[in-house]
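> Each chain, written out:
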Amino acid sequence: MRILVCFKVTPDFEALREADWVAGAAHGVETRYVRRILNCFDESALEMALRLSDTLAGRGVTVGLGALSVGGREAEPYLKTLHALGYERAARVHSEASLDFAPAVIAALIAGYVRRVDHSDLVMLGCRSGPGDSGTVPFLVAETLGWPCLTQVIEVEPLPDDRVRVACMVDDGILRVTLRLPCVLAVGNAVVSHLRVPTLTDRLARRNKRIDVFRAADLGVDIAAELRRETCVLAGLEGIHRARQGVIIGGATPREKARVLFDSHLKSMIEKL
Amino acid sequence: MRFAAILDGTIGTAPQQARALGDFLREGLIGDLVGETLVVYHDERDKQRLVELSPTRDVRLIKTPARRPDRMVEILTAVARGEGIPLFLFAGGSAGTELATRLACRTNGAVLTDALSIEVGPERLLCRKNVYSNHMVGRFELSARPRCVTIDACWKDGRSPTSLEHHVLSDTDETGGIGTTPFEDLELVDPPSTGDLAESRFLVVAGYGAGNREGVERIAEAARRMGASFGVSRPVAMNAWAAMDRLIGVSGTRTAPALCIVVGASGAPALHWGIEKAAFIVAIDLDERAPIVRNADAAVLDDGVVIVEELAEIIAAEVSR
Amino acid sequence: MHLSREAIVEGVQRIVGPEDVITDEEVLRESSHDRFRLYEDVHGVYTQPIPAAVAMARSTQQVAEVLTFANEHGINVVPRTGRTATEGGLETAVADSIVLDGSAMNQIIEIDTYNMQATCQCGVPLQVLEDRLREQGCTTGHSPQSKPVAQMGGLVATRSIGQFSTLYGGIEDMVVGLEAVFPDGTVTRIKNVPRRAAGPDIRHVIIGNEGALCYITEVTVKLFPYLPQNNVFLGYTLESMKTGFEILREVMVNGYRPSVARVYDPADAAFHFSHFAEEDQCVLLFMAEGPAGIAKATAEGIEAIVARHQECRKVDSEFIATWFNDLNWGPDKIAQEREEIRQTSNICRTTEISSDWGCINEIYENALRRVVNEIPDITMAGGHSSHSYINGTNMYFVYFYNVVDCEPEEEATKYHTPINRIICEETLLLGGSIVHHHGLGKARTPWVKDEYGSSYYILETLKRAFDPNGIMNKGTIIPK
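Protein chains in written order, with my numbering: chain A, 2 to 274; chain L, 9 to 329; chain F, -1 to 478.
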């Protein structure tokens, strides 16, 4: 088994001020000044891959773990951390152009990396990521590679003969299924949600491990051409107006407030329910 | 413009899909459009019911094996190529995302997920959807055909679908020559009852302001007494004060209840996404400046656990009268 | 003299009423410790003696009666309001304590924008007071990271300090008058005057007493004009902390009073500023505020000083402004932190010290070197300076470690306390103070005598005088 986990480093949208959400700019919102964080679903995938590797190591099977991110140097601290945690391959694909709303390009790059460089047989990544949150990249990668794909994965266990037992949240329940590699697993709201932390000793020991930087051309992808071919293009942004009446309910005691709330607003509504 | 709405009868969410699609067709689709429903089913006994659920008058039935999205994609690809349908609509969710994305790939079309609306003009087709974790709405132009669009899973306003006189145009059997499936030993477990959240008409949401697991449990109990469904914000789920499947918001369930009471949650956009379709929102929080207060229809500034328990008593008393 | 738990509960119920006495087991457990035992708390482990009751006081009179009752019967009382303590100050170190909670005393009594003073009860959250003041164009100038949750009583009891202290000072510079209740029930009120020389400044018996001498029931603080429109942010990357300290010193010694002056070492900078600082770089940042002319002149003066140091490279001020906007710890962050600790067994701790300019860099280097060499499982060790004075600065050590092969109750013994010991030792060696603003709590009391030297006589005499029966927050400040 050779696992590749793809992750995205995004701006921390929750750290932006309300005033920063400026509508109208077709090229997106200014997020340059805010700190970066690891997409939470990708973080789950990274930790789950480590646990898969631990489980298999316990059975005497060595798994090669690889990590890939598409973007600029903001990914490098995370790649170094992943080296320190035991990921043997850590790479990024450099892109000058913003690929925020270009899932097809991201998928082409990932698939190109898998086919030409990495030759992994299990690709894991978060089921979606901001700012676009399309959720399409895992399936686009699967289509390009010709592999099956499951999304909203919450558990993965290794089985003999290059198979995995996967649990995923589907629209009508939780599905458990056995899947033969190669495949793409897109991680959702897994209970495992935080990446373990390497010690300074771990970091020192693996400080000299190389982080590979690829250009799109190395992977057989022409980003400019892909973007021109893009069939779903951001045409503009609008703000969201959430404000409602905000009527404050008065009362001297909690009981009184609850009574006023019920009598003035909820009674007829609840009768209808 | 022609469109085809896909009603996936091979999974258990057909009624929700139908309602969502129906509402979307009535209110989210802007422009000159006429279409049909492609009903996919695997069990003959479901046919009648699925036809009756269909959101368009014209219906085409397609029989496929159960839980074979790979096969469904092949069938839809053939339909798309054969008939040049320019727009496919799917209900939002994992199944719809997979179908729409793979279909767009195979037909060199365009894909967009969780659309809030589609506007069809003479020159172009525009979709609106939430981006940046529900901080903004993006307008996207889809320029290749077919456009494969999943709709925001929350297109429900509780209206029962208008009863249509359905016209079944065809019924084809595509169960043959299916090839091998990559999936073995499938086991479907019913969710511990998330279904109730997405469908709920009356919802109580507990946030981190509940203070601890006991507070969350008290709110849940009050919700039960009021006859409401119970959901939680991400900090509550992450602290294991409630099960993960109770999660409401961007990384959980999206709801559209008639009445939503938010207890002890500040109402950050990620949570708000999960409840913003509610017809009436009540915020109960100690912090007057929490976003939820100005984004609610009514607010009580007090200890949420106490207020919601008082309210439960009042409602229980009224109901028993 | 020693009462049973039931008798203690009954006694307190008679004073505050049964509705305001909490004996729920989970609440009592949670009330037995504070953030010092965060790791235990996250794992649901409680090693401290469980208190007999949590009593919610609603008036100064009730506080006086509870303290009198406790004093008569030798019952340990732990005063608390916002519960953001980090050094064990809220631990109920003795069996059957009473936790006396003042958070229900949450009235803002007066806001006087003519005399620039605001008076509030001990349970007013600082955020609430601050929001109300800003509506009127004023500010307390006090902004500790705990602002969303901390309350006035505790903020004064711990000698807290905020992010803008380099201009506004610490809480000790902001307090005007006080009301405090002593263990024998005496209610004392210190009136509001701008300054006096009527004997020693007795406010300083109360400010910073950490609940070991008295219970603070009311606070009056100074107000300042709120002029955020004039805020200027400056940020730089540079190579060494030594240069960073040097620049901070020059800024202070040359008479500039920015509200914020900080230098982060590479390890700490990596956590906050990796989007504009390289891996091995320090980050220096300033904020100037106040009337427009002053903010501008302060910023210009600082820029000129920094320009004299070639290794500093300026960064876009927007980075600093954006970072500042999201600094405080609200409920969401607290919740996420708990889950992270639970899943990863990795925890962040801090120890903040102070010293004069001549020693600070040596203390920083020596302490860090020892921590990294002597303590196992460290995942990060670094820190920043964030509060400067004309005659020195603080150093806020930040460190993370994985808790490995270790029960929750052993975490402090295996990691936290040894690290504290190293930092305190290295600081004391060079004449610095072992605690800049978090309070001694119980965590650093092992070194309190070294900290005080001969002046310990003054501290212990205060304790003997005001709390002869030793009922006030046993183990805090003065070791048990």
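Hints in this document: simulated from the structure, not taken from any laboratory.
Any given hint could turn out to be false.
FRET-style restraints, in silico, Cβ to Cβ [stated by the list, open to error]:
#	chain 1	residue 1	chain 2	residue 2	range
1	F	E70	A	P78	56 to 64 Å
2	A	P78	F	T45	49 to 57 Å
3	A	E19	F	P444	40 to 48 Å
4	L	G92	F	K331	49 to 57 Å
5	F	R340	A	E15	43 to 51 Å
Here a beta-carbon is modelled for each residue, glycine too, at the ideal position from N, C-alpha and C.
> Could you run down the list of hints and mark each one as holding or not?
Hint by hint, here is what the structure shows:
| no. | hint | in the structure |
| --- | --- | --- |
| 1 | F:E70 - A:P78: 56 to 64 Å | 59 Å, holds |
| 2 | A:P78 - F:T45: 49 to 57 Å | 36 Å, violated |
| 3 | A:E19 - F:P444: 40 to 48 Å | 47 Å, holds |
| 4 | L:G92 - F:K331: 49 to 57 Å | 53 Å, holds |
| 5 | F:R340 - A:E15: 43 to 51 Å | 21 Å, violated |
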